[in-house]
Structures are given as C-alpha cells and as structure tokens.
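Asker: With chain W held as given, fit chain X onto it using these hints.
Below, each chain spelled out in residue letters.
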Amino acid sequence: MARYLVGRALQAVLSMLVVVSIVFVLTRLSGNPIYLLLDVNATQRDQEILTRHLGLDKPLPVQYGIYVMNIAVGDFGNSIISRRPVTEHIWERLPATVELGFVAMFLSVLIGVPLGMYSAVRRGGVLDTAARVFAVLGQSMPTFWLGLMLILFFGVVLGVLPAGGRGGVLHLILPAFTLGYFTSAAILRLTRSAMLEVLGSDYIKFARLKGLHEQVVLWKHGLRNALLPVVTFAVLLFVQFLGGAVVTETVFAWPGLGRLILESITTRDYPVVQAGVLVLSALYLTGNLCVDLLYSYLNPRIRHYSS
Amino acid sequence: MTALFAPYLAPHSSTEGDLIKKSIPPIWMERGNPEHPLGTDRFGRDVLSRIIWGSRISLVVSLVAIGVAGTLGTLLGLVSGYRGGLTDAFLMRLTDIGLSLPTILIAVVMVAVSEPSFRNVVLVIALLLWPRFARQIRGETLAIKEHDFVALAVVAGRSSAWIIRRHIFPNVVPTLLVISTLQVGYVILLEGTLSFLGVGVPPPNPAWGLMIADGRGFLATAWWMSLFPGLAMLLTVLAVNLLGDWLRDHLDPKLRQAAPTAGAESPLAEAAERVEEIPATGATAGGDGG
Chain W
7 MARYLVGRAL QAVLSMLVVV SIVFVLTRLS GNPIYLLLDV NATQRDQEIL
57 TRHLGLDKPL PVQYGIYVMN IAVGDFGNSI ISRRPVTEHI WERLPATVEL
107 GFVAMFLSVL IGVPLGMYSA VRRGGVLDTA ARVFAVLGQS MPTFWLGLML
157 ILFFGVVLGV LPAGGRGGVL HLILPAFTLG YFTSAAILRL TRSAMLEVLG
207 SDYIKFARLK GLHEQVVLWK HGLRNALLPV VTFAVLLFVQ FLGGAVVTET
257 VFAWPGLGRL ILESITTRDY PVVQAGVLVL SALYLTGNLC VDLLYSYLNP
307 RIRHYSS
Chain X
597 MTALFAPYLA PHSSTEGDLI KKSIPPIWME RGNPEHPLGT DRFGRDVLSR
647 IIWGSRISLV VSLVAIGVAG TLGTLLGLVS GYRGGLTDAF LMRLTDIGLS
697 LPTILIAVVM VAVSEPSFRN VVLVIALLLW PRFARQIRGE TLAIKEHDFV
747 ALAVVAGRSS AWIIRRHIFP NVVPTLLVIS TLQVGYVILL EGTLSFLGVG
797 VPPPNPAWGL MIADGRGFLA TAWWMSLFPG LAMLLTVLAV NLLGDWLRDH
847 LDPKLRQAAP TAGAESPLAE AAERVEEIPA TGATAGGDGG
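Respectively, the protein sequence lines represent chains W and X.
Numbers 7 to 313, taken from our numbering, label the letters of the first sequence in order.
Numbers 597 to 886, taken from our numbering, label the letters of the second sequence in order.
Same shape as in the complex, but just chain W (with noise of 0.2 Å):
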C-alpha cells in the first residue's frame, strides 16, 4: 500500500514536471520576450538591459532551474498587458471556474444517478433505451455546438435563460449543463453498470425475502453500495471540469480561468497564459491524485492486489 502511494504520488510530480517543461519550451519557442515587451524605438542598448533583466543571457539549463524556482514558490511574474502580478490574474477569475465545475458536478449527479438507477431497474425498457441513446449522443456532441444550440434555443428563440456572462443562478443553467452533458451520460452508463452488479447480489435477495419495501431494498441498499465508484468518478469529473472548461467558459463568455488564458493567447499575454496553464494543470493532477488515493482506500480489493 505504502509503495503505492508513493509511486502514484511521484508519477504525479513528474506529470507536473512534464507539463512545466513543455510550457518551457513553448514560450521560449514562441519567440524572443524583449520584442513583445519593448516598444519599436527601444534602442540596441535597452535590448540589452532588458536581456539581462530577464535572466536571458544565462545558458538555457539555468534558465530552467530560475524559471522551476520561480515557480516552486509561486512567483510567475508580471503581466506584459496590465503589468499586474499574475497571480492577481489568476485569483479574480479561479472562483468562477470553480463555481461552474461545482455545479456542473452536481447537475451531472442529479441527472445521471437517478435515471442510471431507474435504467437499472426497468432494464431494456423505454427509459433505459432513451438513456442509452442519450448517453451516445453524448459521446459524438461538439460541446461547443451544443452550447451554441442551448443559447440558439432558451435564450433566442425561447429568450428565457441569459446566453452568456455570469450572474445569478440563471446564468449558470446553461453552461452547467453544456459542461456536463458528457459527464452526467457517463455517470449515467456508472451507476446503471453498478447498481444491476448489485442487484444480482445476494444481500438484495435476502432484504427482498424479508419483506422490505422495493423502494428500501432499491435506494438503501442498492443504491449505497453502487455510489463508491459513481462517487468517485464525480469527483475525478470536478478535477476535469477545472481542467476542460476551456471551450464551455469560451461559449458562454463566463469569465473564468480557461477563458482568461484564451484571451492571453490572443493578447500574446505569454506570462498570464503560463500561469494559467500550469494552475489548471496543477488542480487536475491533484485532483486525479486524491481520487486514485480515496479510491484505494476505500477498495480493498485494489489495497491488496498492489501490495
């Protein structure tokens, strides 16, 4: 057990060391900073300052180790369009990505869980097929388009939910949705798969034998004991959300993190766009960290089998 989670853990660093470097390599690729920095009447010697300032002048490998440090204690520096720190940046829109991926989540949960239990239940009928369709649709949908279709028809044809921008709970209807869509067909297929995996279990015969109410034998213990991957994997989903929201933020013009680097790309705003990425990344890999973590502690079929 031990060893596992230390192999996971570090396997976890070094994912974060490979997302550091490839953000490296990108932004040095990307070009020579001073030139996006410095206006075009900057003279040879201002180059030259803003060179040495920078820490450019050193051979690539220090570079790296400064630009690692930097890093390390959450230093990534200053905006080139506000000239804001972009820790700043990061912190004005972070809450609003959180905000959306929660109750993406939570929509996902409230769809998924009931209609995967019911598909469960009532297999092969109507419902169950209209889940399974609604689950493949999901797996072929652009999320994009599919915002696009949800602004084209509640907000201009209905005009009855706001088609972008955050605000109040209306706000977050569409896009909440849009984000989970996915999510809540997957977690839909989950709970179906675990809960008929239950139901054939011995301990449901035997509440059914001593005469429990369906609705007992089907919620209380059916549904408890199904939850541990459905719970987990809706967990792993909140991690990708903050991860992913890249294009749902996009469509609906919410002002959060994925969006604040799409606009940094455009401004060629290289600082903000690192930092972003690297926060992003850094909340996934934790995130799928914690959840592999829970998810052996909580299996003790996997606790065993890897020690």
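Hints are computed from structural coordinates only; laboratory data are not their basis.
Just so we're clear, the structure is a prediction, and the values are computed from it rather than from any experiment.
Just so you know, even glycine gets a beta-carbon here, dropped at the ideal spot from N, CA and C.
Any given hint could turn out to be false.
[Unchecked claim] Covered stretches of chain W (in silico footprint by chain X; criterion: 3 or more residues with CB under 8 Å from a CB of chain X, positions within the stretch not fixed):
#1 23 to 32
#2 142 to 153
#3 265 to 276
#4 280 to 288
[What the hints assert, rightly or not] Footprint (simulated), chain W over chain X, 3 or more residues, beta carbon under 8 Å:
#5 690 to 696
#6 707 to 713
#7 786 to 797
[Stated by the list, open to error] Some chain X residues judged to face chain W by a derived CB distance under 7 Å, without partners named:
#8 Leu-701
#9 Ile-808
#10 Trp-819
#11 Leu-830
#12 Val-833
#13 Leu-834
#14 Asn-837
Answerer: Using the frame of chain W, we list chain X on its own:
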C-alpha cells in the same frame, strides 16, 4: 465517402463566395434559394459545399494524426511489451504521464504558441494520442509473447526485431484497427474544438469547427451557419463510433473483456474505462477520463 468525392459532390466553391448572396437561409424557409439548400454564410459561401469540403479536413487531420500516433504508439508498445524489464517500466511510466495530461488545455496552448497550421494541429494531436495506443498494444504483446510460436522462433535464433515484425505485429493488427477506429471520432471532436477556439487549421479552410465559430455571431439571425456543420460533425462522429463498437464486437472479442493491465495503473482508469470507451471531449477533454 463524402470526403473522397468532395470535388464532384459540392455544388459550389468552398472558399469563394458571392457577397451579393450572403446569409441566404436554407431552402425550406422564406427567401431560400434552391441553389443553396443549406443556405450561405456571411461571405455568401454555400454552407452545404463547405460542409462537404470540410469533411476532408476532419478526415485528413484524423487519419494523419492517428497514423502518426498509431505508428509511434504501436512501436513503443511492441518494444515495451516484448523487452519487458527496465525498458518496459520506463516506457509505461512515460505512457502514464502522457495519459494524465489535461489534453485540450495542452493542445490549445501548444498550437497557439507554435502558430496554427495544418502540420502543427496534426503533430500536437498525435503527440497527445500515442500513449493510448502504446498502452493497449503493450498489453496485447504481453499475451502474444507467451505463445509457443514465439518461443520456437527464439530457439531458432531469430532476432528480436524479426520476431516482433513477423510474429507479434501481425497479431496485434486487429486490435490496432479497433483502437484506431475508436479514436477517429475523438480526434474529429478535438480538431473541431481547436478550430472553434481559433487555434486549428487556419481560415479560409472550411473546417467544421471554424464554420461553427463563424456563425456564432449570427445565431439570432442566421442560425443555419452554425447548426449544420455541427450536425455534420455529430453524425460523422456518431457513425464512426458505432462502426468502432461494431468492429470491436466482431473483430476482437478480447478487447471487450480486456482485464485491466497489472502494475501500478490507476485504479480509476478502470472505472473510467467502464463508462467511456470513447474518451470525453470538450468539457472533459481536459483529461478525457484517463
């Protein structure tokens, strides 16, 4: 098919429009023009023709990207599975790391910084895709390695390269075919997402994602500009996914019940595999589930 015959099927040019005929609605609406069944976009370009030509971009990008990723992944998977030991441990850790990266995020930034172009889009997608191939092919190789004909070849003094080429590779081809098909849909969606965000194949190419993004500003007045390319994408991906599922069931029953590979694999990958044969896109594309 549509992609193959694009020049014959498409009634109009995909990149040249007639500004006089801009924003014509589809044929069944008022003001519709029988020459443009699905309407025209803001530059007067025929939407149907652009969708037909756009299918080429989606197809070529996914085929080339999968070709590159498949070759690299298969090669590494074969070597990793056959050699075992340290090589295997190293390559599989590399694969784990590759699988744990937030895909969309990395793809967007990579393409954006390296200037969007056809080549860069393909390269970035391939770079993010190969671990999926390597993982599966390695598993297959491990199983095939145990067969007698491999032991015989070793006894006969054949080189490792020869054995891999003659005995192992032909046996992983069905698996390879199935994974490749199942990835096509994912790559089409990924390419579409990149195009939509403005970091895909550059305009005026009629990439579907680009068309949808173009029509975004005209949702209220000219919804057909965005609706039809997305519908085309949905149907294509749906068809490819169904084909992939069918192939898996008929060609390679082993894959269906593939046991999770031993070792330090993430336990959640197992749970995720149960729910998504096709990895997440868009929303989840950050990590595509595993």
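Asker: None of the hints should be skipped; say for each whether it holds.
Answerer: Status of the hints after comparison with the structure:
Counting residues of the region 23 to 32 of chain W whose C-beta sits closer than 8 Å to any C-beta of chain X gives 5, which meets the bar of three, so the coverage hint holds. Counting residues of the region 142 to 153 of chain W whose CB falls under 8 Å from any CB of chain X gives 10; the rule of at least 3 is met. Counting residues of the region 265 to 276 of chain W whose C-beta sits closer than 8 Å to any C-beta of chain X gives 5, which meets the bar of three, so the coverage hint holds. Residue count for the region 280 to 288 of chain W with a Cβ under 8 Å from a Cβ of chain X: 3. That meets the three needed, and the coverage hint holds.
Using a Cβ-Cβ cut-off of 8 Å, 3 residues of the region 690 to 696 of chain X lie near chain W, which meets the minimum of three, so the contact claim holds. Counting residues of the region 707 to 713 of chain X whose beta carbon lies closer than 8 Å to any beta carbon of chain W gives 3, which reaches the threshold of three, so the coverage claim holds. Check result for the region 786 to 797 of chain X against chain W: holds, 6 residues qualifying (beta carbon to beta carbon below 8 Å, three or more required). Interface hint at Leu-701/X: satisfied, since its Cβ lies 6 Å from the closest Cβ of chain W, which is below the 7 Å cut-off.
For the restraint placing Ile-808/X at the interface with chain W, the shortest Cβ-Cβ distance is roughly 6 Å, inside the 7 Å limit, so the hint holds. Among the interface hints, the one on Trp-819/X holds; its C-beta lies about 5 Å from the nearest C-beta in chain W, closer than the 7 Å criterion. Nearest Cβ of chain W to the Cβ of Leu-830/X: about 5 Å, under the 7 Å cut. The hint holds. Annotation: interface hint on Val-833/X holds; nearest CB of chain W at approximately 4 Å, less than 7 Å.
A distance limit of 7 Å between C-beta atoms decides the matter here; for Leu-834/X the minimum to chain W is near 4 Å, and the interface restraint holds. For Asn-837/X, the interface hint holds, the least distance from its beta-carbon to any beta-carbon of chain W being 6 Å, beneath 7 Å.
Of the numbered hints listed earlier, not one is contradicted by the structure.
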